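K.L.:
First residue of the sequence shown? That's 1 in this note's numbering, and the numbers climb one at a time after it.
Hints in this document: simulated from the structure, not taken from any laboratory.
Incorrect hints may have been included.
As the list claims (entries may be wrong) - For each label pair, taking beta carbons as the anchor points, the in silico distance ranges come out as: (1) T81 / F41: 17 to 25 Å; (2) S91 / P46: 16 to 24 Å; (3) G52 / S91: 16 to 24 Å; (4) A51 / S91: 27 to 35 Å; (5) P50 / T74: 12 to 20 Å.
Every value quoted in this text rests on a predicted model; they were computed, and no experiment measured them.
Every residue gets a Cβ at the ideal spot worked out from N, C-alpha and C, and that includes glycine.
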Amino acid sequence: MNRVLVSLLAVLVLPTGTIAQAADSGQLTSIQARILRGFGFKIAVPTYVPAGMKLESVRTQAGENPRFGGYGYTMLYRSNTGSCFAIEAVSG
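Take the sequences, apply the hints, and build the full model.
P.N.:
In structure tokens form, the structure reads like this:
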């Protein structure tokens, strides 16, 4: 399972570990959602995002996280005025 997930992430994740996101989109793409579901734990996704906030990036951590140990993700939302918030989680 780990090899399949790592291989999938190598193809779909940019070198920085950010999953490609359309610039004008405030929602997860189907590819992003599929990758996050592959971690095997529940993913927190907001049902309400304030006006002007867009999903800027989705970063994943596959395999052992040196700081916490496990798989993880961060979803960063940002407005054009510079306000931002993030949702992140790690397993382990």
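K.L.:
Now, for every hint given, state plainly whether the structure supports it.
P.N.:
Status of each hint after checking the structure:
1. T81 / F41: 17 to 25 Å: violated, 33 Å
2. S91 / P46: 16 to 24 Å: holds, 20 Å
3. G52 / S91: 16 to 24 Å: The hint (16 to 24 Å, Cβ to Cβ) is violated, given that G52 and S91 are roughly 32 Å apart.
4. A51 / S91: 27 to 35 Å: holds, 33 Å
5. P50 / T74: 12 to 20 Å: Hint holds: Cβ distance 19 Å, inside 12 to 20 Å.
This entry does not satisfy hints 1 and 3, going by the numbered hints stated previously.
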